[in-house]
Structures are given as structure tokens and as C-alpha cells.
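Undergrad: Going down the list, the sequences are from chains X and R. Residue 1 is where the first sequence starts when you use my numbering, and the numbers rise one by one after that. Residue 1 is where the second sequence starts when you use my numbering, and the numbers rise one by one after that.
Be a bit skeptical, because a hint or two may be false.
Derived contacts from chain R toward chain X, CB cut-off under 10 Å, selection only [to be verified]:
#: 1; residue: Lys85
#: 2; residue: Arg87
#: 3; residue: Thr341
#: 4; residue: Thr416
#: 5; residue: Leu417
#: 6; residue: Lys596
Hints are computed from structural coordinates only; laboratory data are not their basis. All of these numbers come straight from a predicted model, not from anything done at the bench. Where a beta carbon is used, it is the ideal one built from N, C-alpha and C, also for glycine.
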Amino acid sequence: MLLNFLKHRYTKRSFLATVAAVIASPVWAAGPPAKQSISDPVVISLVLLSLLLLLVIGILANVLLGAAKYEVEEYKKKNVPKAAAVLAIGLLTSISSFAQDTKDAAAAVVADDGLIAGMDSTTFYLLMGVLALETLVIVFLLLQLKGVIKRIKYSSVVVTESGEVVEAAGKKTGLSWWDKFNSFRPAEQEADIDLGHDYDGIRELDNRLPPWWLWGFYITIVAAAIYLYRYHVAHSAPLSAEELAIEMKAADARQAEYLKKAANNVDESNVKVLTASTDLDAGKTLFIQNCTVCHGKNAEGMVGPNLTDDYWIHSGSVSDVFKSIKYGWPDKGMKSWKDDLTPNQMAQLSSYILSLKGTNPANAKAPQGELYKDAPAVADSAAGAKDTAIAPAVTK
Amino acid sequence: MQLEKFYYDNKIVKAFGFATVLWGIVGMLAGLLVAIQFYYPAATFNFAPTTFGRLRPVHTNAVIFAFVGNGMFAGVYYSLQRLCKARMFSDKLSWLHFWGWQSIIVAAALTLFAGFTTGKEYAELEWPVDIMITLVWVVFGINLFGTIIKRREKHLYVAIWFYIATWVTVAMLHIVNSFEIPVSLFKSYSMYAGVQDALVQWWYGHNAVAFFLTTPILGIMYYFLPKAANRPVYSYRLSIIHFWALIFIYIWAGPHHLLYTALPDWAQSLGSVFSVMLIFPSWGGMLNGLFTLRGAWDKVREEPVLKFFVVAVTCYGMSTLEGPLLSIKSINAISHFTDWTIAHVHIGGLGWNGFIAFGMLYYLIPKMWNTPLYSKKLATNHFWLGTIGIVIYAVPMYWAGFTQAQMWKTFTEEGTLKFQFLETVTHIIPMYITRSIGGLLYLVGAFIMVYNLVKTAKQGSFIANEEAEAAPLHDEVPHGKRHWHSWIESRPLTMLVFSLILVAIGGLLELVPTFLIKSNVPTIASVKPYTPLELQGRDIYVREGCYTCHSQMVRPFRDEVKRYGEYSKAGEFVYDHPFQWGSKRSGPDLAREGGKNPNSWHFMHMFDPRQTDENSIMPAYAWLYKNDLDIESTPAKIRAMQTLGVPYEAGYDQKATAELEKQAKEIEKDLSSDDKVRKLILMENMQDLHKKEIVALIAYLQRLGKDIKLAPKAETASN
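Next up, chain X with everything else stripped away, as it sits in the complex (with noise of 0.2 Å):
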């Protein structure tokens, strides 16, 4: 029986091995320290939470293994050790090496940059993980330590015996919990309800349908049906293309919400040379994510012109390069942003590439257009200095 199979070793060896594996993930996904979100009382709440599971797990572990240790005691006496040696060194195991996943979880939760409920979603999703394991490992705890104080009631009782007289003699006092979900018939019955087919020795016995079964099966039945009507009856749920339409409203909307917020009406008339770092590391990522292709990964060139140079197609002011990339040049290749970027990220992508100027990377392409004079570049640096005190309060 499934219960049964749970306490034999090679379940608990999986077990520890599952253990093992999901420990090691967190480590790996976590990637490079960002920044911290410690302080979000969700996050406390519910490292809190993690911990004071532990502390039950400890707990529970302890008084298991003072019964594993009176039951192996017992055991001894009875010639019969292997068994609950092995239990008592599966608990120990998994027990340290749950104390360890709590840790590496609670370390990941401080090293990914919280943006959603406190957290992102993997870190959320990771402690959730680790409470549902934890509580796992509760109700399995409870389960042994069932099994284990109902053992030792029955040896008490069948002192002279060996343990599998004693297990023997305990079933027989009445169906548990599983036989009764089940509709389990008592294994003395199963003459009776032996068919007596043989197929190359092979007998079937009569048994009743799991009612949890039957009962499963009908629901998803009903379920099926209330999916089709609701979806294709009724339409009173959205298919994939109303669901998008729901989708972009609520993003949208949340987008206005925050570029209200975040001052963002900058445009090629206003537009100054950022300096501060944020902005640059800004500037960059969109650089990688939106220009490499016909730029270069170091803004040498390719099917686009060289960006590092003194030399440029359409000038080479902050507010030219800007333009540049607000509408484009869809002639020549360049193709209007507007719709892509925000104002401000098109200032941060203006500034980065401007910072590239003279980096001279390998494989540069040769100049094209014009020579653009450094002097007004220079006065947007200076003016880039004030800004530096400004840009915080652009970026927010």
C-alpha cells in the first residue's frame, strides 16, 4: 500500500535526491547579486514564515527520532535493527539538508531585484516553493511519527514476535483511513472475490472502482462541459484573442499611469546629454537589446553607419541624434523608435551613444557623413554636468 511505500527506503533515497537537486537549483537561478528587497514586509513575512516552519520541522524531527531511537532500541531487542536504522538515517539527512534549503532560498530572496509584490516573480515563486516543501516535509514528519507511535503501541502489545508478526497483527485491528478510500476489501476476502480467470497464471480479482476514482472521473466530465458551454456557448470567458485584447488594455493603462508619473516630456528640443550613471547603464541595455543588429555590438558599424567617430549623417548633437532615433530615416534603413521607446529611454540611448565617442572599438567602419565639430558637444557636456544633479529626477 502507498502508505507502506512511502516509509521504504527508496522512497525517502528519491526523496533526498529531489531534495539535493532542488537546493542547487536556487543557487544557479539566482545569477548576479542585484538589488536587495530585505526590507519589504511581504518578503519578511514570509522569510519569518519559512523559518518558523523550520523550527516546527525541527521540532517534530527531534521527537521522531527520540521514537525512532526508542524504536530501534526495540528493535534490537528483537534481532530485527536494519529497518528503522535506515529511517533514522533518511530523517537525519533530509532534515540537514532541508535546514540548507531554507537558507539558500532566504539568500535568494535578498539577491534579486524586487519589483513585483516586493520581489520578482522567481523569487516570489521560489519562497512559495519552499513553504509548500516545507509543509510537505510537516505532513510527512506527522505521518512517520504516526506510523512510528502505532508500531510501538503494537510491539508493546506483541512483545515476543518479530516486526512483521507485529505489523501483521496491527492490521487486523481494522481498515485505516487509505483501505476505507480506497474500498479496499480485507485481504482475507480476496478469495472471494478472485474470478478465477488464469492466463499463464495469471488471476484477476474482482475489486471495486476506487470511489475517489469514479468520483474524479465524472467531475472532469462535468468540468469538460462547463468549459464548452462557458467558452463556446455562453461566451462569457475569452478566447485567445479577446484575452490579448484584455491584456494590452490593462497594460496600457498601466503604462500611462506610470509615464504620468515619471517625467517623461522630454523631446528633441529639450533634450540634454545625461550623464549620471542609471541613465548610461539604461542607455546601454537598449543600445544591446534595440541597435547592435545594423550598429555593432560596440557601435562600429555595420549596416548602419559607425557610431564612435567624429562623423555623422545627420549631425551629431544630443538633440540631432535624438530625432535620429525618434523618426528615423526610414529611406536609408533607420527606422522610426517613437513607438517602441519611451521620451526618456530615448534620452538615455542618445547619452549612451554620445559616451561611445573615441572608443575607437576593433573593426570600426569606415567614417561617413560629415565631420561634426566637438564645440557644441562640448557646451552640452558642460550643461551634461548640471544635468547630472537634474537626472535623478528625470529617471523618476
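Assemble chain R onto chain X, guided by the hints.
TA: Leaving out everything else, chain R in the frame of chain X:
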């Protein structure tokens, strides 16, 4: 009644058993190599046959049709004889079946390595091999039914019901999905296009899982598990209900591979709900297996065969619960196109199919060599290595799938995508490394098994013809009340017909409307057939197995619309023979690739993807720059397309070659206007670029998803 003496044929079982082990190792080695290619692209050896796109079909075909296939035949040939109390119908047919199947496997491996493929997953084999499969399957069928008909046991045991359903359904699936028009000896085009091709293909693909990897294996479980445990089967009633429910419901579930695609919504919904209804019929098999062990769990502790069976049946239960869950749209939105699917299939493949095969072999070899197993300890070690291997394989893949899906869907507050596609790949590289370790452990276990089985065979002596006795078939006097179902159990052909009707219903009700009702694939006027060069390029795309890593299906999600462009419409694929929607995104979607990157970028990128981006895991395709395009095949290809209803003007096949050359020269001109391309051409001493395959491939990629942009908005807005 006079007992008849006869002999079971063990030699054929031995042969299939040997083939199971051999192809199992080969298939797993191929799997290990493709797993390594994910984090070590140099493992493609810059050699066309060993690039991922060609090796992956080799891996899947080897493990499904060679490993599990031979294992299935070994199990069927052993159990069927004993359940029918008869030798196989014809030894000649048995050996024809054996050698036929092995030659199919060899032909499959060679053609797949050579790039001869139909481009349809799990049905990649080209038309000559398809015909071989059909013939050999018929041989198997005659042998199967011949044996059943000359049986000495009146009633058919549940294992045989599953064998019958397997035979008839696989025949139906294979034939319907393989309708194709040959262009040459090793090239054909699917008769179906786009949405319809996708539906037929996944009706086939899903039910290959159902009727090649599940039902015959359930039959094998129903024989070997009670035998090994020496326990009666738990519930005959459960066998009846779960058998009929399983085969009826399974066939409907195919469209769950196409959720959120351009497949009509009603078909998607049918796929979803029938998958959910499949949970309990599938679990019937698991319960009947596990509950049969009731009262025999102490044996599981001692007996490696049972250990394998317990984990196999448990894995079967887990993956048949997971499968339906993945068919729920909101879960599929996360899992599809990611490694989650890979984890899911390997629980089934490694856990269910692999472990049943191993358990069966550990049972068969000692029986047929009349000796105990050489070492139970080694078998137990194999069991543990395998089990731990599965866990170490699956957990990182689940993690990778979930992580990647989350990264794809993450937006910044400004409303732009937070991660580039490549970032989401490099992020999960550690998981790829771990899973290959899991796979390696599993493979090491298999080698231990080989050693153990060889040693066992050496210490015993093989019984080629096993003596048995039974009374001939006779009309028995009914004793007591018979179960109503026993009526059909003594009528194998009725059972065949009933099974066929049941499995045909679901298929017909899904396929026919999709083919006949026009509103299912709304026409988009601006979608035009491919130019000859693009068509040739598409064939190269298929040949190199690009679809094994790149989808061509933008789903209606905010992140995909933002990342790739307008979501894909059914009407866009009407000239796609075969469809190339893909099932996994190890690279980005290409449905809207046309015009996104300049020709020169494609040229540089495919020559060495690491030059374009050092983190790329894509193989390099240097041979496309050396191989001349097979221009001579163009007219035949155009004519084949015309036969399939693609509206090229009459006589276009004669003009096609000239147009192809013209377009190729235009692309060459555009390419050579680029500095870097010129440098590469000089460095590599490339000649006559316009004649090379790469130009055709670039032409095809630049066409992808473009036509719809020319359409008036209203036409594409609906659907």
C-alpha cells in the same frame, strides 16, 4: 480433453530484446550529445549530420521507435504466446518483422543524418521509409492476429486488448499523417498545409505518445507486473473501464499541443477538455498496477524487477496527471515552447518507458536462459542510478522552463520587455549542464544493465523453444455467471473493429470540420505563394531542422506581440507544406523574421553565430556557404506545389529557375555592399555566392511573416 504439446518461440524475443538494448544505448547517447550541445555548441563538430537540428530527430526517433519499439515487440512476442497458449502464427513473419523493423531503424538514422526529413516531429521519416513502416506494421498485424486466432485460450486477457488497440490505431495515425507528395526519392511535401497540417500532425504526434508509448506498454505492464509479483490483477472492472475510456478519449487530445496558436478556438478547447477527462482513465492503469502489488510490497524490497515497475507506474501516473494540467490554457501559456515540456516527456520516457523496458529485460533474460539474475545488487544499483538520474534530469528542466517563461513575460515599468531572448537562454545554461549529468547517470545505469544481462546469459543456457501444453480451443460450458464484457473477449476481430470505431470518432470530429469549413482558416488576400528561391530556402530550413529550436507561431500574448510582432493568423500558413510552427523555443520565434534584420546580418550570423553574439548557442552552418543550391529540382517542386493547390500560374515551373537566379543575384548584390560580408567572402574565399544555399535560406527568412503587413487592417483584425 487431450492436451496439445507446443513450443514458445523465445528466439524472436531474444532478438527484439537485444535490439532494445542496443538501440536504447544508441538513442540515449544521441540524447546526451544533444544535451551537451546546449551549453557547448562546439559539440556539433561543425559537421552537418551532427548539428542539433538533425541529431534531435535521430534521438527522438531512436528512443521512441527503436528503443521502446523493439522493447514493445519483445514484450508482445513473449507475453502474447503465453497468453494465447500458442506459438507465434508464423516464424517467417516474426523474422520478417524483426529484420524489417531493424532496417527501418538503420534507414531512418541514415536519412535523418543526411537531412532527409519531412519536418514533422516524430514523423520526420521520408516517404520511402514511411512505406517500409506501413509494410512491416502489416506483417506485425498478420502475425499478431494470426496468433490470436489460433490461440488455445478462449478469452483475451487485458494485455491483448491493449495490443489490438495499439496495432489498429498506430496504423491509422501513421497512414493519415503520412499523406505526402514525393518530389524526388528523398523529398516530399505534406499533403496538408498550415493549420490543417498542424492539426493532423499533432493528432498523430500526441497519439504516437498514446498508442506507441502508452497502450502497448500498459499491456506489457499487465502481463509482467502480476507475473513478477505473483499477485492477481487488482480489478478486472477497472481494466475494462479504463481501457475503453482511455482509447476513446486519448485520440481527441491532440490539439492541446496547439493551444494559443492559429488553430481555431473550438478545436483548442476540445483538446483541453478531453485532456482533462483523460486523467482518470490513465490513472486506472496506474492504480491497477500499484494495487496489484497490495500484499506484495515486501517483495518490492527484494526484487529489482518490481522496483523498476513501481517507479515506472508511478512516473506514468505523474506524467498523465501533468499532461492534462499542461493542457489547461493558463498553464500551457507558461509551459509551452519551454523546457517544461522537455521535463514532462522525460518523466514519461525515462521513467515510464525506460523503466518498464528495464524491468521487463531483468525478468525476461533469467527466464529465457533458465538461470537466476547474475547480480540483484547491480540491478538495484542500476535502479538507483536511473531514478536519481531522472530526478536530476527533470528538476532542472522544470526550473529552466518556468524561469525562462517568467523572463519572457517580464516587462519594465516603461512597458518594454525586460530581457532579450538570448538573456533568457544564457540564464538557464546551468540547468542544461545539470540535466546532462542526470542523463549521464541514467546512461551509466543502462551500461550496468548490459553487463549484468550478459553475465546472466553466460551463466545460463538459452531455451530457444520453450515447451508448453494446453488443451485446444473448445466451446466451454459456461460455469456460473460470466461478466458481460467476456463476450467481446472471445471475439478478437469484433474488438479490433470496436477499437477502430472508437479511435476514429475523435479524429474525424476534429479533422473533418477543420478541413471542410472555410471559416476555420480565413483567407488573407495579401498572402502569396513563396518565390522559387524562398521555396528552396524553406526546404533547407526543413532539412537543417531549424524547427527543432525556432517556432513560427506568435501567440496572442502581450510579450510575444511586443517581442515578435502581430500574432500569427491561420490564413498566413495556407501555402506551408509542411507547417513549421515548432514546439520548442531554444531560439527566438521566426514567424515575423522577414525584414527584421538585414541580409548581411543573417549572412554573418549563420556563418558563426558566436561572432554576432558571443553567448549564442546556435550551431554554425558553414556548409550552406559551400554547397550549391540544387536548382534543377525547382520545376518539380513548383509542380508538386501546384498539385497541392498552391496557385502558381500555369507553366510557372518553366520560368521558376530564371526567377530564382534573378532573386539570388539581387541578394548577392545587397550582401556584397556590406563591408563585413565582403571581408568574410575574401577571407573564406567564397565564390559565386548567388549559387549557394545560404542565399536561398536568407531569402526564405526575409519573407517570413511579411505578407500580412500588406493586408488592409480589417482583413486580419477578425481571427
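Undergrad: Now tell me, hint by hint, if it's right for this structure.
TA: Outcome of the hint check:
Hint status for Lys85/R relative to chain X: holds, with the closest Cβ pair at about 8 Å, below 10 Å. Against a cut-off of 10 Å between C-beta atoms, the interface hint on Arg87/R is violated, since the closest Cβ of chain X lies about 14 Å away. Given the 10 Å rule on beta carbons, the hint for Thr341/R is violated: about 18 Å separates it from the nearest Cβ of chain X. Residue-level restraint check for Thr416/R holds (minimum Cβ-Cβ distance to chain X is 7 Å; threshold 10 Å).
Nearest Cβ of chain X to the Cβ of Leu417/R: about 8 Å, under the 10 Å cut. The hint holds. Annotation: interface hint on Lys596/R holds; nearest CB of chain X at approximately 8 Å, less than 10 Å.
Figure legend: structure checked against the earlier numbered hints; hints not met, in rising order: 2 and 3.
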